[in-house]
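If you're matching them up, the sequences are chains X and C in order. Each residue of the first sequence is one higher than the one before, counting from 1 in our numbering. Each residue of the second sequence is one higher than the one before, counting from 1001 in our numbering.
Quick caveat, the hints were computed from the structure, so don't treat them as lab data. Hints should not be assumed to be uniformly reliable.
[Stated by the list, open to error] Simulated DEER-style distance windows between Cβ atoms:
#: 1; chain 1: C; residue 1: GLU1043; chain 2: X; residue 2: VAL114; range: 52 to 62 angstroms
#: 2; chain 1: C; residue 1: PRO1082; chain 2: X; residue 2: TRP100; range: 39 to 49 angstroms
#: 3; chain 1: C; residue 1: SER1176; chain 2: X; residue 2: ASP75; range: 36 to 46 angstroms
#: 4; chain 1: X; residue 1: ASP51; chain 2: C; residue 2: LEU1025; range: 23 to 33 angstroms
#: 5; chain 1: C; residue 1: ALA1015; chain 2: X; residue 2: GLY105; range: 12 to 22 angstroms
#: 6; chain 1: X; residue 1: THR99; chain 2: C; residue 2: SER1176; range: 35 to 45 angstroms
#: 7; chain 1: X; residue 1: ASP29; chain 2: C; residue 2: LEU1057; range: 25 to 35 angstroms
#: 8; chain 1: X; residue 1: GLN144; chain 2: C; residue 2: ALA1015; range: 45 to 55 angstroms
#: 9; chain 1: X; residue 1: VAL114; chain 2: C; residue 2: ASN1004; range: 20 to 30 angstroms
#: 10; chain 1: X; residue 1: THR99; chain 2: C; residue 2: LEU1168; range: 32 to 42 angstroms
#: 11; chain 1: C; residue 1: MET1085; chain 2: X; residue 2: ASP75; range: 44 to 54 angstroms
#: 12; chain 1: C; residue 1: LEU1025; chain 2: X; residue 2: LEU117; range: 23 to 33 angstroms
#: 13; chain 1: C; residue 1: LYS1039; chain 2: X; residue 2: ASN73; range: 22 to 32 angstroms
Ideal placement from N, C-alpha and C gives every residue a C-beta, glycine not left out.
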Amino acid sequence: MRILFTIFICLFVPLSALAQTVPNDDALDAQARDIGRSLRCVVCQNQSIEDSDADLAKDMRALVRTRLEAGDNPDEVVSFIRDRYGDYVLLKPPVQRNTWILWAGPGLILFASVLLLARRRTARIEIVELSQDEIQALEKLRMQSRKDPS
Amino acid sequence: MKLNLKALLPLILFAGLIAAFAIGLTRDPRVLPSQLINKPFPEFELTGVYDNNPVTLDNLKGDVSLVNVFGSWCVACLQEHPLLMDLAATDQVRVVGINWRDDRTKAQQWLERHGDPYDLLIYDPHSELVIDLGITGAPESFIVDQNGMVRYKHVGVVTPKLWKETMLPIIRSLRSEG
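Okay, chain C solo, but in the shape it has when bound (with noise of 0.2 angstroms):
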């Protein structure tokens, strides 16, 4: 019997469509592509969370950081707030925090309740430096160089598996460049 190649055409097309779904719907929409790696971290005017006092792209540099977009109101950010304090504590790296969309008074209030792992704290209310990283939400973390460029991004929770297995390598590795 011979084979009619054109009776299978559907067939073919169906699962051609099969694949390109199952690619397509189990990628997470949330996580967009960062315009900014390998681009120095934007520059700044803002303040701290405690105090008026300014606070510049100058403050971040001299250290590998790792920078966290958080708000009391986050609730995802609870999640890896015992690791972040973890890293502060036993000064695997420096912390610095972006402080989104929230009132200093609740943001200091949050920061006495579950401790305060940040070397650095940037008050951002009105998503100024937020839009310039190109943020969608929080948590989001970013692992910046020596010299404010940015090498890493993550969307969402950092887990203690991202943070061993791909955060402190990069980090490790920065720290030998420089």
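Looking at chain X on its own, in the form it has when it is part of the complex (with noise of 0.2 angstroms):
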């Protein structure tokens, strides 16, 4: 039953993601606010331009409803908004040749420290043998600690 379940779920869910090609106006509303959170307003750095309050902002909220009216998807107005712009404009950068280091960064930076750690734990433990000396030295000790025990 419940492989049928999922099998159900892996074939239609999808299919409600296409059906969405032709979205009424609160959709669409959604749909705008959606990009609008991913797309960095140029004017106050910081801020998407869903929140933002900047006149450009603004425009650029209209470009995006426009976009989707015109039947653009939401790849195409992000892009579109991308072409114009540049990476820059995108909240999330994307991966690609100049920012793997970007996202690999933390990654990297864990796994070299769990390297180190690794390393450092087996040196403390590891066991040295005494030389040949050292174990006559430690004879001689004990031989006098035994011979007068004060």
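These two chains come separately, so use the hints to put the complex back together.
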């Protein structure tokens, strides 16, 4: 039963996404807001155009809405703006040649730290055999302490 | 004494961090790389500031132009305005204005008060062309060649120094090409 249900979900959930090609007004608004939240306001750089009160952000929101009404899908709208303002306008930077270090960096640092820690651990419990001289010196000390146990 | 390289590591890392900050924090975050350099100026269908006659890309082509984004609300625009007036008066370059997010009456009053250096005016109240140009604020200026290709972009006030040392040489070489 559960398997049937999973198959059902897998088959029809993607279809519902396709069915959104002709969204109604509310859906369009929601889509426009989603896109707006992913785009940086170029005037007040740390806000999205959805959050910003800047006039240019207002006009960009209107543009997003117009593009959606004209039948663009969200990806097309985003790339329309990206073509004009560059990657910079995306609040979530895409993974590409000049950003891979940004994405992989934290993982790499974590990996390096774990490696470093592991090495220090093993170094600390490393057993070093005593050399022949050291064994003799130790034996000598033991003999001495046995002779005068004061 | 043996130099312990490991002990120096934090110092080296710190120096690297300082270097990264020294480069990163002194860059002006408002200056974004333009997507338009050596690409065609976007098509547009707008009107003039004085009347409703249509203005399109064809009106822009034909001569090397300095395209300047301004508005009557823009304070910094007043700073470069005397230079633009001078360029127009001495016929050094064709100056084209994009009047951004303005109101016709206010724009006309502003141009009357401060002078009108613009050979062609484009009225863009809803940022249509401005967004196509990837503009983030006023003033911004472009050099557009005879065929309507964008050749240079400057964010902020055009200073006499910038004009003389950077923009004029570009315009001269574009003229000799054309």
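Comparing the hints with the structure gives:
no., hint, verdict
1, C:GLU1043 <-> X:VAL114: 52 to 62 angstroms, "holds (55 angstroms)"
2, C:PRO1082 <-> X:TRP100: 39 to 49 angstroms, "holds (48 angstroms)"
3, C:SER1176 <-> X:ASP75: 36 to 46 angstroms, "holds (43 angstroms)"
4, X:ASP51 <-> C:LEU1025: 23 to 33 angstroms, "holds (25 angstroms)"
5, C:ALA1015 <-> X:GLY105: 12 to 22 angstroms, "holds (19 angstroms)"
6, X:THR99 <-> C:SER1176: 35 to 45 angstroms, "holds (40 angstroms)"
7, X:ASP29 <-> C:LEU1057: 25 to 35 angstroms, "holds (33 angstroms)"
8, X:GLN144 <-> C:ALA1015: 45 to 55 angstroms, "holds (53 angstroms)"
9, X:VAL114 <-> C:ASN1004: 20 to 30 angstroms, "holds (24 angstroms)"
10, X:THR99 <-> C:LEU1168: 32 to 42 angstroms, "holds (37 angstroms)"
11, C:MET1085 <-> X:ASP75: 44 to 54 angstroms, "holds (45 angstroms)"
12, C:LEU1025 <-> X:LEU117: 23 to 33 angstroms, "holds (32 angstroms)"
13, C:LYS1039 <-> X:ASN73: 22 to 32 angstroms, "holds (24 angstroms)"
Of the numbered hints listed earlier, not one is contradicted by the structure.
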